[in-house]
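**Student:** Top to bottom, those sequences are chains A and B.
When the letters of the first sequence are read in order and numbered with our numbering, they come out as residues 567 to 1104.
When the letters of the second sequence are read in order and numbered with our numbering, they come out as residues 327 to 627.
No wet-lab data here; the hints were simulated from the structure.
Incorrect hints may have been included.
[What the hints assert, rightly or not] Okay, the calculated bits of chain B under chain A, using three or more residues with CB under 8 Å as the criterion:
1) 393-403
2) 456-470
3) 543-555
4) 560-572
[Said to hold, decoys possible] Computed list of lysine to aspartate or glutamate pairs in DMTMM-like fashion (alpha-carbon distance at most 20 Å, straight line):
5) A:Lys641 to B:Asp472
6) A:Lys1077 to A:Asp853
7) B:Lys471 to A:Glu688
8) A:Lys875 to B:Glu373
9) A:Lys815 to A:Glu860
10) A:Lys875 to B:Glu387
11) A:Lys875 to B:Glu591
12) A:Lys1027 to A:Glu988
13) A:Lys875 to B:Glu572
14) B:Lys394 to A:Glu988
15) B:Lys471 to A:Glu988
16) A:Lys990 to B:Glu398
17) A:Lys679 to B:Glu572
18) A:Lys792 to A:Glu907
19) B:Lys394 to A:Asp987
20) A:Lys641 to B:Glu572
21) A:Lys815 to A:Glu869
22) A:Lys641 to B:Glu373
23) A:Lys667 to B:Asp472
24) B:Lys594 to A:Asp877
25) A:Lys859 to A:Asp843
26) A:Lys679 to B:Asp472
27) A:Lys1039 to A:Asp987
28) B:Lys594 to A:Asp675
29) A:Lys679 to B:Asp554
30) A:Lys883 to A:Asp837
31) A:Lys1077 to A:Asp843
32) B:Lys556 to A:Glu648
C-beta atoms are modelled at their ideal positions from N, C-alpha and C, and glycine is treated no differently.
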Amino acid sequence: MVKVKKMMIVAIAMIMVFSLVACSGNNNASTNVKTDSGTKNGDSKNDAKTNTPEETGLIDTSEFVTISYLVLGNKPTNGQLETVMEKVNVILKEKVNAELKFTWIEWADWQTKYNLALASGEPIDLITIGTDWLDTWNNAQRGAFMAIDDLLPEYAPITWNEVPAEDWEESKFNGKIVLIPENNYTQWVNHGIYYRGDWATELGIIQPITDMETMGEYFQAIKEKKPSVVPIDLDSSKSGVLYGGMVSKTDNIDMNIATGLIGIFMGKSYDEKYTVDSPVFNPLFVDYAKMMKEWADKGYWREDVLNYKGDPRVALKAGLSGADSHHTQTYRTLRVEMDKEQPGSELQMYSFSDTRNNLVSMSITHGGTSVGAHSKNPERALMVYELIRQDAEVYKMINYGIEGVQYEIVDGKSRRPAGYDEAKHGFYTDFWGGRMDKFEIPSSTVWDNIQSVYDKYDRIKKPFPYGRFVFDKTNIDAEMTAISQVVGEMAPAILFGKAGDPEKAVENFRKKLKAVGYDKVMAEIQTQLDAYKKMIEG
Amino acid sequence: MEHSSASIRSDLPSKIVSSFGYLFIGLFALCCFMPFVLIIATSFTSEQSILNNGFNLWPKEFSTFAYKIVFENPQLIIGSYVVTMAITIVGTAIGLFLIAMTGYALQRPDFQYRNSISFFIYFTTLFSGGIVPFYLLITQYLGLKDSYLAVLLPGLMSPFLIILMKTFIRSIPHAITESAKIDGAGDFIIFIRLILPMTTPALATIGLFTALAYWNEWYNALLFLSPDMKYRPLQLFLYNVITSAEFIRNSTASSNVPLRDMPLESMKMATAVVATGPVILFYPFVQRYFIKGITVGAVKG
Chain A
567 MVKVKKMMIV AIAMIMVFSL VACSGNNNAS TNVKTDSGTK NGDSKNDAKT NTPEETGLID
627 TSEFVTISYL VLGNKPTNGQ LETVMEKVNV ILKEKVNAEL KFTWIEWADW QTKYNLALAS
687 GEPIDLITIG TDWLDTWNNA QRGAFMAIDD LLPEYAPITW NEVPAEDWEE SKFNGKIVLI
747 PENNYTQWVN HGIYYRGDWA TELGIIQPIT DMETMGEYFQ AIKEKKPSVV PIDLDSSKSG
807 VLYGGMVSKT DNIDMNIATG LIGIFMGKSY DEKYTVDSPV FNPLFVDYAK MMKEWADKGY
867 WREDVLNYKG DPRVALKAGL SGADSHHTQT YRTLRVEMDK EQPGSELQMY SFSDTRNNLV
927 SMSITHGGTS VGAHSKNPER ALMVYELIRQ DAEVYKMINY GIEGVQYEIV DGKSRRPAGY
987 DEAKHGFYTD FWGGRMDKFE IPSSTVWDNI QSVYDKYDRI KKPFPYGRFV FDKTNIDAEM
1047 TAISQVVGEM APAILFGKAG DPEKAVENFR KKLKAVGYDK VMAEIQTQLD AYKKMIEG
Chain B
327 MEHSSASIRS DLPSKIVSSF GYLFIGLFAL CCFMPFVLII ATSFTSEQSI LNNGFNLWPK
387 EFSTFAYKIV FENPQLIIGS YVVTMAITIV GTAIGLFLIA MTGYALQRPD FQYRNSISFF
447 IYFTTLFSGG IVPFYLLITQ YLGLKDSYLA VLLPGLMSPF LIILMKTFIR SIPHAITESA
507 KIDGAGDFII FIRLILPMTT PALATIGLFT ALAYWNEWYN ALLFLSPDMK YRPLQLFLYN
567 VITSAEFIRN STASSNVPLR DMPLESMKMA TAVVATGPVI LFYPFVQRYF IKGITVGAVK
627 G
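Build the full structure now, drawing on both the sequences and the hints.
**Tutor:** And the structure:
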């Protein structure tokens, strides 16, 4: 009896297992066929590749393939993407016998999804990367990307020659090139304060304003002469702006170690980039806190700034605020809007880098493209990438859509055509993996004169020194979290000048930071920086 | 008898007690009800008014802009509703059946290996492989990427609900099963004809849990259903509406994203209304099953 039962249980268990296997088997079978043929193609192509190019000098593209490109963003749902891609694919088919298909990682929980897609071994051909926001080096460590040193010269020759050797150096992991950097695209995300040039002139302020003290004079003059205007309208989330003012007094450079609202840990200076430092523990911070208290008492920003949730930019556009803040990318377009809303306002930007000419470029690997380790057609993937990046026609379609539908060019500048409806005609591909300045169409929404600002930056900029620095938090995760919390609790009040006696407040802030492990984190970062220095300088 | 009970009812102290009870329950109900009113009111308020005046129980500046954005593609949202409803109904039906069968089998005293099998089930509540193996299992081994089964299967059964079911069925006297056996009924007949009808309260509870889980499910859908699928579950659809609005507003990574004003706060509330509405309508119909105790008097003599 017992035996029979045992056998039955075994039998049932086996049936269950088999039925499971059978269910999955069906699906697997179909995918297997696909991957098999895929690998076969890949293999035969590989063979072909190794034989033909050397013999004939031509690349074999007889097999039509689909190249997938992983991008971040929500897939547009209005059908424009399909329309544009159809046109793009006609060109791609003609030139390299391939089609391009974007695969989207939606913003909902994108970090998890992105890392899972890379870890799962799915055959993705091209992948958007970003060393500072997409955990690229760790993914490289896990083997998500293909080394493309050998493929680049042959399959993406223009890009290969155009990217300078030192930029390729920045793109290497363990000595192998694993990504193509977005190194020819100007993006300045250095922060600063925008002020109204017309008012500054009217109030007799020496322009351009290049330090916080002069900025204070501008605010004071507005306070006295323009009673209906808030000198600088700020909402509760903007305490970081005033921290930028603090950093402007130092030579510290940001190394993208996040500690909540404000960055506590920075590089000491460009010359001492392998030394960790903190603006908060700089002796100047006490004086700065005193100045902020003074500014708050004089009413340079609203009394309820700590809880205020309104939009300061609206106030600026309405002429009710004397200043606003964000980075240069925003200034490009805000200037145009302000010229429309407040004609003659001559909106200027004081960049925090102006004070001490301390400006570091954005990492060239903030955007870029890698070839997936499991790509079946890495050669063709690179050929497609080369066309996106180097073929003006393809580039413009991918980035702007179709002329006449998404944009029209008037006087050399792009603008929306009449009858353009955002819901119906809106188009984007979120291609952030190799945009090129030379193909960008000047837009009517960007200030004509922005080049003068770029020129100013170009004179003083230094390359981002931490492009390949991988900050490993494992040992100090708890401390980092605690520090972020302390920052969130105490920093806004100090920076907004609402923390009572500034000297005491700063002292308390520092004490609290030390209590939750500031020193341990400093030591850890220093250790890692030392190791990084060894890696860079050999 | 009647007279005395009537006098007790009209007793002053008990009147106070009951009116106190009503008051308390009334207040409690109000506390539950107010947030809903707030959500609905906010969803109809213009964004600027929310920023200036905060949340109010009555819209100060009436606006349906948030709903306009949520329902921008009516076809998509209807499709999402259909997908979610189908998954919820099919999943709950199959899930209930499987859970009830498992629970029944696991409590039968004459099932020799019930303890070891129970252990296998409960073990998974304490230890799990984590998200990466789960992802690999679904996409690589089962090949369910872009298949609604990837959302349906993981939600079918949960150890907790099996325990709940098992415990409930245990309260049905074993004598009933035995008596049916004497009458010549097979195990499956016993389960369908006797056990299932007697477990209605448990089935209602567990059904509601399962249905709610399916209704609110978005994470598996997010992981396994790619944007290439036209219709995806409602919660994911709404979540995407919010995140894309949020991203467009805070966009720093790209200057190419087309900007427009997003009524973020009122949109959040509008999506909440869209997502919870049907559940609120559905709830009263299931509720009556919770109250019943059916086994009373089944075994007599």
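**Student:** None of the hints should be skipped; say for each whether it holds.
**Tutor:** Hints, verified against the model:
Restraint check on the segment 393-403 of chain B versus chain A: 3 residues with Cβ-Cβ distances below 8 Å, three needed, restraint holds. Three residues within the 8 Å Cβ limit are the bar, and the segment 456-470 of chain B against chain A gives 10, so the coverage statement holds. Check on the segment 543-555 of chain B: 7 of its residues sit with their Cβ under 8 Å from a Cβ of chain A, so the three-residue criterion for coverage holds. With 6 residues carrying a beta carbon less than 8 Å from a beta carbon of chain A, the segment 560-572 of chain B meets the three-residue requirement, and the given coverage holds.
The hinted pair formed by A:Lys641 and B:Asp472 meets the criterion: a straight-line CA distance of about 15 Å does not exceed 20 Å. Under the criterion of a C-alpha separation no larger than 20 Å, the hint pairing A:Lys1077 with A:Asp853 is consistent with the structure, at around 17 Å. Restraint check for B:Lys471 and A:Glu688: the C-alpha separation of about 11 Å stays at or below 20 Å, so the hint holds. Annotation: proposed proximity of A:Lys875 to B:Glu373 holds, straight-line Cα distance about 12 Å (limit 20 Å).
A threshold of 20 Å between alpha carbons decides the hint, and for A:Lys815 with A:Glu860 the separation of about 18 Å falls inside it, so the pair holds. For the hint linking A:Lys875 to B:Glu387, the alpha-carbon distance of about 18 Å falls within 20 Å, and the restraint holds. For the hint pairing A:Lys875 with B:Glu591, the CA-to-CA distance comes to about 12 Å; that is within 20 Å, so the pair holds. With a C-alpha separation of about 37 Å, the suggested pairing of A:Lys1027 with A:Glu988 is violated against the 20 Å cut-off.
For a cut-off of 20 Å, the pair hint linking A:Lys875 to B:Glu572 stands: about 16 Å separates their Cα positions. Proximity of B:Lys394 to A:Glu988 is assessed by CA-CA distance (about 14 Å); at most 20 Å being required, the pair is judged to hold. Distance restraint check for B:Lys471 and A:Glu988: the Cα-Cα separation of roughly 32 Å exceeds the 20 Å cut-off, and the hinted pair is therefore not satisfied. This hinted pair checks out: A:Lys990 and B:Glu398 have alpha carbons roughly 10 Å apart, not beyond 20 Å.
Restraint check for A:Lys679 and B:Glu572: the C-alpha separation of about 18 Å stays at or below 20 Å, so the hint holds. Between the alpha carbons of A:Lys792 and A:Glu907 the distance comes to roughly 19 Å, so the proposed pair stays at or under 20 Å and holds. A distance of roughly 15 Å separates the Cα atoms of B:Lys394 and A:Asp987; the hinted pair therefore holds under the 20 Å criterion. A hinted pair counts as satisfied when its Cα atoms are at most 20 Å apart, and A:Lys641 with B:Glu572 qualifies at roughly 15 Å.
Restraint check: the Cα-Cα separation between A:Lys815 and A:Glu869 comes to about 26 Å, which exceeds 20 Å; the hinted pair is violated. Between A:Lys641 and B:Glu373, the direct Cα distance comes to roughly 26 Å. Violation of the 20 Å bound is thereby established for this hinted pair. Proximity of A:Lys667 to B:Asp472 is assessed by CA-CA distance (about 16 Å); at most 20 Å being required, the pair is judged to hold. Restraint check for B:Lys594 and A:Asp877: satisfied, since their Cα atoms lie roughly 19 Å apart, inside the 20 Å limit.
Between A:Lys859 and A:Asp843 the CA atoms are separated by roughly 24 Å; this puts the pair beyond 20 Å, and the hint is violated. Using a Cα cut-off of 20 Å, the hinted pair A:Lys679 and B:Asp472 holds, with the two alpha carbons roughly 14 Å apart. With a C-alpha separation of about 46 Å, the suggested pairing of A:Lys1039 with A:Asp987 is violated against the 20 Å cut-off. For the suggested pair B:Lys594 and A:Asp675, the alpha carbons sit about 17 Å apart, so the restraint of at most 20 Å is met.
Restraint check for A:Lys679 and B:Asp554: the C-alpha separation of about 15 Å stays at or below 20 Å, so the hint holds. Our distance criterion of 20 Å between C-alpha atoms is broken by A:Lys883 and A:Asp837, whose separation comes to about 40 Å. At most 20 Å may separate the alpha-carbon atoms for a hinted pair to count; A:Lys1077 and A:Asp843 meet this at roughly 17 Å. Taken as a hint, the B:Lys556 and A:Glu648 pair is honoured in the structure, with Cα atoms around 13 Å apart against an allowance of 20 Å.
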